[in-house]
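Top to bottom, those sequences are chains A and B. Sequential numbering of the first sequence, starting at 1, is according to UniProt numbering. Sequential numbering of the second sequence, starting at 1, is according to UniProt numbering.
These aren't lab readings, by the way, just hints derived from the structure by calculation. Hints should not be assumed to be uniformly reliable.
In the EDC-like style, the derived pairs of lysine to aspartate or glutamate whose C-alpha atoms are separated by at most 20 Å in a straight line are [unchecked claim]:
| no. | chain 1 | residue 1 | chain 2 | residue 2 |
| --- | --- | --- | --- | --- |
| 1 | A | Lys99 | B | Glu201 |
| 2 | A | Lys71 | B | Glu135 |
| 3 | A | Lys71 | B | Glu293 |
| 4 | A | Lys135 | B | Glu201 |
| 5 | A | Lys99 | B | Asp97 |
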Amino acid sequence: MSELTVPAQAGAPAAESGLMVQAEQVHKSFGHLEVLKGIDLEVRSGEVCCLLGPSGSGKSTFLRCINHLEKINAGSIRVDGELIGYREHGGKLHELRQKEVAAQRRSIGMVFQRFNLFPHMTALENVIEAPVRVKREAKVAARERAESLLARVGLGDKMGNYPGQLSGGQQQRVAIARALAMQPKLMLFDEPTSALDPELVGEVLDVMKDLARDGMTMIVVTHEIGFAREVGDRLVFMDGGVVVEQGNPREVIANPVHDRTKAFLAKVL
Amino acid sequence: MASEEVTTVRARPEPIKAVPVRHPGRWILVAVLAVLAAMFVHVLVTNKAFNWSFMVDKMFRPPIIEGLLRGTVLMTVLAMLIGVVLGVLVAIMRLSDNPILRGVGWLYTWFFRAVPRLVLLAVFGNIGILWSRIEFGVPFDTQLGQLFGIDNLQLRLFGFSSRDIITGFMAGLLGLALSEAAYMAEIVRAGIQSVDGGQTEAAQALGMSRGQLLRRVVLPQAMRVIIPPTGNETIAMLKDTSLLLYVPVTVELFFQLDAVGKRTFQIFPMYVAACLWYLFLTSILLVGQHYLERHFGKGYGPTAQARDRLRTMAAQQGGGGAQ
Ligand SMILES: Nc1ncnc2c1ncn2[C@@H]1O[C@H](COP(=O)(O)OP(=O)(O)OP(=O)(O)O)[C@@H](O)[C@H]1O
Ligand SMILES: [Mg+2]
Chain A
1 MSELTVPAQA
11 GAPAAESGLM
21 VQAEQVHKSF
31 GHLEVLKGID
41 LEVRSGEVCC
51 LLGPSGSGKS
61 TFLRCINHLE
71 KINAGSIRVD
81 GELIGYREHG
91 GKLHELRQKE
101 VAAQRRSIGM
111 VFQRFNLFPH
121 MTALENVIEA
131 PVRVKREAKV
141 AARERAESLL
151 ARVGLGDKMG
161 NYPGQLSGGQ
171 QQRVAIARAL
181 AMQPKLMLFD
191 EPTSALDPEL
201 VGEVLDVMKD
211 LARDGMTMIV
221 VTHEIGFARE
231 VGDRLVFMDG
241 GVVVEQGNPR
251 EVIANPVHDR
261 TKAFLAKVL
Chain B
1 MASEEVTTVR
11 ARPEPIKAVP
21 VRHPGRWILV
31 AVLAVLAAMF
41 VHVLVTNKAF
51 NWSFMVDKMF
61 RPPIIEGLLR
71 GTVLMTVLAM
81 LIGVVLGVLV
91 AIMRLSDNPI
101 LRGVGWLYTW
111 FFRAVPRLVL
121 LAVFGNIGIL
131 WSRIEFGVPF
141 DTQLGQLFGI
151 DNLQLRLFGF
161 SSRDIITGFM
171 AGLLGLALSE
181 AAYMAEIVRA
191 GIQSVDGGQT
201 EAAQALGMSR
211 GQLLRRVVLP
221 QAMRVIIPPT
231 GNETIAMLKD
241 TSLLLYVPVT
251 VELFFQLDAV
261 GKRTFQIFPM
271 YVAACLWYLF
281 LTSILLVGQH
291 YLERHFGKGY
301 GPTAQARDRL
311 RTMAAQQGGG
321 GAQ
C-alpha cells in the first residue's frame, strides 16, 4: 500500500508543550454508575497511544469524552491546548454552544467499531460530505482530495459503491478516509477492527500503520496486541475506570507490573 | 466414479400421477357467493330508489366536478403539504434537547390528536365568532396603555375582516392541515427514531450541526419508514375532506352531492354517487401507494415490507380522524 500523506494540518505543532491531548482527573458517571474515576493521560503530538482494557472498563467512554460526545462530570480535557466543551472566563467555566462544540470536533477525527458510514451515500459522497457541508470547501477541491484519499486507502475502484456494497474492511477504510478528509490533528479509533472477519483485519491495520508512520497523533482502543507492539508508542491499560498501568508497549506486554494487567494480557495473548 | 455408474444404470422414475386433494368446501363457497352476487345485482337493477339515470345525469355536473377538483383534490394536496412540513417541525421539536420546545411539541400533538377532526372542523368553521377582525401589531396594547394611563391605546399595524381571510376554504384547510400535522409529527418522530444512533454520532464527530445532521443524514434514512404511512395519511385525508361539509366548505364534492340530493329529494342516488367518486379517487391513490411501497421497500425482503405495512395500518388507525 502506498504512503498515506497526512493532510496539511495534521501533525502541526501542538501548543508549546508539544502535548496534543491532556486529560486531567476525568470523571464520568451515567446516573449512579461512575464509569471513569479520574483518568490522567497525556498524549504527545505525533504519538500513537493504544488503549487496552477489559470490557466495560470505560475505554469507549473516555474516547467519546475527548470529542465531547459525552459530557464529563469533573476534571478537564484539552486538545492542542484548547479546553474541550467549556470556556474559562473570569475564573468560571462556561459551557460552549453546540456550534462551538461542533467546531472543536472538526479537528478530531473518529473511527467507530461499526463504521457508521452514511448508507444512502456512496463511498465518495461519504468522504466529501463533511468538507463541503461543514467546512464549506469548494466541491471540486473536496472531490479531488476525497478521490486521492480513497485511492490511498486502496479503494480507488470503489468510489461509486454504496456502503452496503462494500465488505467490512472496505467500509472501515472508507470511514478512515472520511475522518481524514476533515484534516484532523488527532484521530480516535474505537476498536476499528473488532467487527471485522479475521482476514479483513490486516487491510485496516495497514492503513492505520501508514497513518502512524506519517506522524498522525492517534488514540487507538484495540485488542490487537500485535498492532500495539509494532506501531504503538505507548500502551495504556485501563480497568475499572482508571489507568492501571502505562508505558512502552513492548515493555508493558513483556513485563506487566500490575496483577490486573498480567491477568488481562494472559487472556488476550 | 462409482456413484455416477449407479445413476446411469438406474432408469428415470415415472412422473407422479397422483389424485389431487379435492376441495369441496371451495365449490360450496363459490355457489353461496354467486347467489349473493345475483341478489345484489337484482337489487341494483330493480330497486327504483337507485334511480341510476338520475345519478349518472347529475354526478358529472360542473359544480360537482369543481367541488371534486377544489374541495377534495386541491384541499387534500394543500392540507398534506402543510401537514407534512409542520409535522416535521413538530417532530423535531419533540426530539429536541430544549425542554420548552419539547413541551410545546407535546402539547400540540396532544391537542390535535385528542379532538376529533369533525369537531375541530366545526370549531374552525365558526372561529369568526371570536374575532370580527384579525389585526397585527403590539399585543395587549389596550391593556398596556391603561397601565401607563393612556385610554384605548391602539398599536395595530394592519388588519383584515376575518370574513375576508377565514373563508370556508381557509378554515377547512387550517383545520385539516393542523390536525394532519399532529399525526405526521408522530410518524416522522418514529421515522427519526428508527435511524441507528451511530449515524448521529458519526455526523456529530465530523462537526455537523444539528440541522445539518437532520437534513443530510437522519431524515433521508428515516424516509423509508416515513413514506408508506404518509401514503396512507393521504388516502385518509382524501376521505376526510368529506367532513368539510360541517365547516361548511361549499366548493367540495360531498357538499355538492348532498345539496343536489336534498334539493331534488333524491338523497340516496347522490350518496351512491359519493361512494363511487371516493372509490374511484382512493383507488388511484392506492395504486400510487403500491408502487411507492415497492420502491422504498427495495432490498429489505418481504418480512421487512410486511412489518412496514403493519406499522402503516397502525398509523392509519391513529390518523383516521373521523371515526
Ligand atoms: N450511555 C450510557 N448510559 C449508561 N451506561 C453506559 C452508557 N455508555 C456506557 N455505559 C456503561 O459504562 C461502562 C463502560 O462502558 P464503555 O463502553 O466505555 O466500556 P469499554 O471499555 O469500551 O468496553 P468494551 O470493550 O466492551 O467496548 C459500561 O458498564 C457501560 O454499561
Ligand atoms: Mg468500547
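Evaluation of the provided hints:
{"no.": "1", "hint": "A:Lys99 to B:Glu201", "in the structure": "holds, 15 Å"}
{"no.": "2", "hint": "A:Lys71 to B:Glu135", "in the structure": "violated, 47 Å"}
{"no.": "3", "hint": "A:Lys71 to B:Glu293", "in the structure": "violated, 41 Å"}
{"no.": "4", "hint": "A:Lys135 to B:Glu201", "in the structure": "holds, 18 Å"}
{"no.": "5", "hint": "A:Lys99 to B:Asp97", "in the structure": "holds, 14 Å"}
When held up to the earlier numbered hints, the structure conflicts with 2 and 3 and fits the remainder.
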